[in-house]
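There are 2 protein chains.
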Amino acid sequence: MERRSFVKQAGLAGILAAGAAPAVVAQQSIRWRLASSFPNSLDTIFGAANVFAQRVKEATNGKFEITVHAGGELVPPFGVVDAVQQGTVECCHTAPYYFVGKDPTFALDCAVPFGMNARQTMAWMYQGNGLKLTREFYTQYNIVNFPMGNTGAQMGGWFRKPIHSLADMKGLKMRISSFAGKVMERLGVVPQNIPGGDIYPSLEKGTIDAAEWVGPYDDLKLGFYKVAKNYIYPGWWEGGPQLSLYVNTKAWNALPADYKAIVEVAAANANINMLAAYDAKNPNALRELVGRGVKLQPFPKDVMEAAYKATQDIFADLSRTNANWKKIYPDWVKFRNDDILWFRIAENEFDRFMFTRKLA
Amino acid sequence: MERRSFVKQAGLAGILAAGAAPAVVAQQSIRWRLASSFPNSLDTIFGAANVFAQRVKEATNGKFEITVHAGGELVPPFGVVDAVQQGTVECCHTAPYYFVGKDPTFALDCAVPFGMNARQTMAWMYQGNGLKLTREFYTQYNIVNFPMGNTGAQMGGWFRKPIHSLADMKGLKMRISSFAGKVMERLGVVPQNIPGGDIYPSLEKGTIDAAEWVGPYDDLKLGFYKVAKNYIYPGWWEGGPQLSLYVNTKAWNALPADYKAIVEVAAANANINMLAAYDAKNPNALRELVGRGVKLQPFPKDVMEAAYKATQDIFADLSRTNANWKKIYPDWVKFRNDDILWFRIAENEFDRFMFTRKLA
Numbered sequence: 000m001e002r003r004s005f006v007k008q009a010g011l012a013g014i015l016a017a018g019a020a021p022a023v024v025a026q027q028s029i030r031w032r033l034a035s036s037f038p039n040s041l042d043t044i045f046g047a048a049n050v051f052a053q054r055v056k057e058a059t060n061g062k063f064e065i066t067v068h069a070g071g072e073l074v075p076p077f078g079v080v081d082a083v084q085q086g087t088v089e090c091c092h093t094a095p096y097y098f099v100g101k102d103p104t105f106a107l108d109c110a111v112p113f114g115m116n117a118r119q120t121m122a123w124m125y126q127g128n129g130l131k132l133t134r135e136f137y138t139q140y141n142i143v144n145f146p147m148g149n150t151g152a153q154m155g156g157w158f159r160k161p162i163h164s165l166a167d168m169k170g171l172k173m174r175i176s177s178f179a180g181k182v183m184e185r186l187g188v189v190p191q192n193i194p195g196g197d198i199y200p201s202l203e204k205g206t207i208d209a210a211e212w213v214g215p216y217d218d219l220k221l222g223f224y225k226v227a228k229n230y231i232y233p234g235w236w237e238g239g240p241q242l243s244l245y246v247n248t249k250a251w252n253a254l255p256a257d258y259k260a261i262v263e264v265a266a267a268n269a270n271i272n273m274l275a276a277y278d279a280k281n282p283n284a285l286r287e288l289v290g291r292g293v294k295l296q297p298f299p300k301d302v303m304e305a306a307y308k309a310t311q312d313i314f315a316d317l318s319r320t321n322a323n324w325k326k327i328y329p330d331w332v333k334f335r336n337d338d339i340l341w342f343r344i345a346e347n348e349f350d351r352f353m354f355t356r357k358l359a
Numbered sequence: 000m001e002r003r004s005f006v007k008q009a010g011l012a013g014i015l016a017a018g019a020a021p022a023v024v025a026q027q028s029i030r031w032r033l034a035s036s037f038p039n040s041l042d043t044i045f046g047a048a049n050v051f052a053q054r055v056k057e058a059t060n061g062k063f064e065i066t067v068h069a070g071g072e073l074v075p076p077f078g079v080v081d082a083v084q085q086g087t088v089e090c091c092h093t094a095p096y097y098f099v100g101k102d103p104t105f106a107l108d109c110a111v112p113f114g115m116n117a118r119q120t121m122a123w124m125y126q127g128n129g130l131k132l133t134r135e136f137y138t139q140y141n142i143v144n145f146p147m148g149n150t151g152a153q154m155g156g157w158f159r160k161p162i163h164s165l166a167d168m169k170g171l172k173m174r175i176s177s178f179a180g181k182v183m184e185r186l187g188v189v190p191q192n193i194p195g196g197d198i199y200p201s202l203e204k205g206t207i208d209a210a211e212w213v214g215p216y217d218d219l220k221l222g223f224y225k226v227a228k229n230y231i232y233p234g235w236w237e238g239g240p241q242l243s244l245y246v247n248t249k250a251w252n253a254l255p256a257d258y259k260a261i262v263e264v265a266a267a268n269a270n271i272n273m274l275a276a277y278d279a280k281n282p283n284a285l286r287e288l289v290g291r292g293v294k295l296q297p298f299p300k301d302v303m304e305a306a307y308k309a310t311q312d313i314f315a316d317l318s319r320t321n322a323n324w325k326k327i328y329p330d331w332v333k334f335r336n337d338d339i340l341w342f343r344i345a346e347n348e349f350d351r352f353m354f355t356r357k358l359a
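Residue numbers (numbering that gives the first Met the number 0), protein chains in the order written: chain A, 0 to 359; chain B, 0 to 359.
If you are wondering where the hints come from, they were derived from the structure by calculation, not from laboratory data.
Where is the CB? At the ideal position from N, CA and C, for every residue including glycine.
Take the hints with a grain of salt, since some may be wrong.
In silico SDA-like pairs for lysine to any residue, Cα to Cα no more than 20 Å straight-line [unchecked claim]: (1) B:Lys220 x B:Pro200; (2) A:Lys357 x B:Met303; (3) A:Lys300 x B:Leu358; (4) A:Lys357 x B:Asp301; (5) B:Lys308 x A:Leu358; (6) A:Lys357 x B:Tyr307; (7) B:Lys62 x A:Pro255; (8) A:Lys259 x B:Asn60; (9) A:Lys56 x B:Leu254; (10) B:Lys308 x A:Phe354; (11) A:Lys259 x B:Gln26; (12) B:Lys357 x A:Asn347; (13) B:Lys56 x A:Pro255; (14) B:Lys56 x A:Glu263; (15) B:Lys56 x A:Ala25; (16) A:Lys62 x B:Gln27; (17) B:Lys308 x A:Arg356; (18) B:Lys357 x A:Leu340.
Computed, partial: chain A to chain B, Cβ under 7 Å [unchecked claim]: (19) Ala122; (20) Gln126; (21) Met154; (22) Gly238; (23) Asn272; (24) Ala279; (25) Asp338; (26) Leu340; (27) Ala345; (28) Phe352.
Let the sequences and hints guide you as you build the complete structure.
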């Protein structure tokens, strides 16, 4: 309401009364449903949504309550974008690169092969143009996005046989996510799309020869080490994959300003908290895996080089053919390149020296 | 109040009424003053307190207002701990290692030589025992602490002459922070304690031979490159220094639960935001410095090794003589060591490969 029409309707007495004793505004009661793409057995990755919802509730005296639903409970794990777009649920928590079938541009909000590490991703999102550019892209889906979780650099996965060179990759049937799968295809790998719960039996039976999942903490739980001893790294297709909170635009616009601010900071808190959880829990899990006979091995150099080259070709194709990709990629790649130059200096030299220490 | 006694006092009618129309609770109006240790010219490091205060204000509809004061405005930059302890101000934003004169244990909440990088520090604080242990320590100072900002690995600083070996360090007069100064002394350096604003003239006149400050973005502003061309890295004494928000215990306890939650998430948001700011702004500043003739150089290996050894000796001394240090250090060092083992694998292999790319 404009001030002029307010004066007209309320009269001077009304205005004075409002000025004299500021109105007690009740905090609005709001309930949202959050659909996660993850099973609740993954305490770190699924847990980030709980951390978020819990903090929002505490920060609003319980007035803004977000119930968190595991993948499949309300909608299928990969149905969450449609559900948010249509307003079936107010929000979801997912890994954007699951939706490269809709548009490969989704992956720039998550991870692409040879992309950014976790810190670089956060810097691009929060202090570069990342949040601005991805938000423009998501308007097509009625989505407002918030970075909410990162696993750090993932492992390359579990291989039944060691990989000595690029030749060993040819013909391998590997469970791997879709963007990376396209790169793997160019190396002669036969990528397979298999839900998390079915990976173990497939690997055990030899239906597949290799599978990637996340990293030591999550992988240990699923027991892959029992049926494939070679744990190869790094997951060059996800150097710092970011999860997102997607909020339906209409639901977002209906929030009062204070709740909007609370959602933003609670999502940032969950973002850093999930990365911290992985950084805190992976070391012990890795030690346990090695204790159980797992063989750690970096990818051979020729595999890395071939994968890098194939990735550049795919990026070039997308820049020619996909208008959404083209709007974001140049900014993304410049930021990545600049940041890598800087990380080579103080950050890398510090880390590298610490890696040479004999630490009990 | 127990439900039983509530029923007794209010009667059934009261309960029904309460249920029918929930009481409208006004949000409490609170004003705090935050004393920063930093000048407001440092937009990243000083700016983190503004980001924090702004978010708290937005999240409470302007009801909880924290005014941010630059170093010296209310209390001297290094007087902020006393001010919070005595309740002169409700909170401050500072680098805990400024207070190693009170107790070297402060530095474990910030940075010690050859400590953790930024991600490792966050993991220890949020998902290890870091927050718990440092909070126990700070009860002696009437302080409740919150991680709030990180610069990432800093540069080693500006040297008038290149450093070819440990011998070149002997006798150097260097402006350096205090914990690191103790290590430098053991290498034959003469550490100097000089406020930020006086470094440039001292370096220009040759009163000092070297000075460390932060990293490219902040250092460029102060113009050190004009009077010392050798920019040496890494700052092995601050691989990921963390700033803290210190809140006076009484002021903290007086906050309603929702404001407490808001302070926590707003501090975490400012924490990640400041690191993102440095990661986003340092690359261009570094490029500009190199364009102006700055010579980048890593510390020679014998300097790094001697500094590492001297640091271990100091840690051992503190573990023998300082009860506060002894309560935290074993947990801190185990976490650091475990995390370094894990970071060597996927994280490092990913970064290292990206460092080998020719990026335009």
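Tested hints:
{"no.": "1", "hint": "B:Lys220 x B:Pro200", "result": "14 Å, holds"}
{"no.": "2", "hint": "A:Lys357 x B:Met303", "result": "15 Å, holds"}
{"no.": "3", "hint": "A:Lys300 x B:Leu358", "result": "18 Å, holds"}
{"no.": "4", "hint": "A:Lys357 x B:Asp301", "result": "17 Å, holds"}
{"no.": "5", "hint": "B:Lys308 x A:Leu358", "result": "13 Å, holds"}
{"no.": "6", "hint": "A:Lys357 x B:Tyr307", "result": "12 Å, holds"}
{"no.": "7", "hint": "B:Lys62 x A:Pro255", "result": "15 Å, holds"}
{"no.": "8", "hint": "A:Lys259 x B:Asn60", "result": "11 Å, holds"}
{"no.": "9", "hint": "A:Lys56 x B:Leu254", "result": "16 Å, holds"}
{"no.": "10", "hint": "B:Lys308 x A:Phe354", "result": "15 Å, holds"}
{"no.": "11", "hint": "A:Lys259 x B:Gln26", "result": "17 Å, holds"}
{"no.": "12", "hint": "B:Lys357 x A:Asn347", "result": "17 Å, holds"}
{"no.": "13", "hint": "B:Lys56 x A:Pro255", "result": "14 Å, holds"}
{"no.": "14", "hint": "B:Lys56 x A:Glu263", "result": "13 Å, holds"}
{"no.": "15", "hint": "B:Lys56 x A:Ala25", "result": "17 Å, holds"}
{"no.": "16", "hint": "A:Lys62 x B:Gln27", "result": "16 Å, holds"}
{"no.": "17", "hint": "B:Lys308 x A:Arg356", "result": "11 Å, holds"}
{"no.": "18", "hint": "B:Lys357 x A:Leu340", "result": "10 Å, holds"}
{"no.": "19", "hint": "Ala122", "result": "4 Å, holds"}
{"no.": "20", "hint": "Gln126", "result": "4 Å, holds"}
{"no.": "21", "hint": "Met154", "result": "5 Å, holds"}
{"no.": "22", "hint": "Gly238", "result": "4 Å, holds"}
{"no.": "23", "hint": "Asn272", "result": "6 Å, holds"}
{"no.": "24", "hint": "Ala279", "result": "4 Å, holds"}
{"no.": "25", "hint": "Asp338", "result": "6 Å, holds"}
{"no.": "26", "hint": "Leu340", "result": "6 Å, holds"}
{"no.": "27", "hint": "Ala345", "result": "4 Å, holds"}
{"no.": "28", "hint": "Phe352", "result": "6 Å, holds"}
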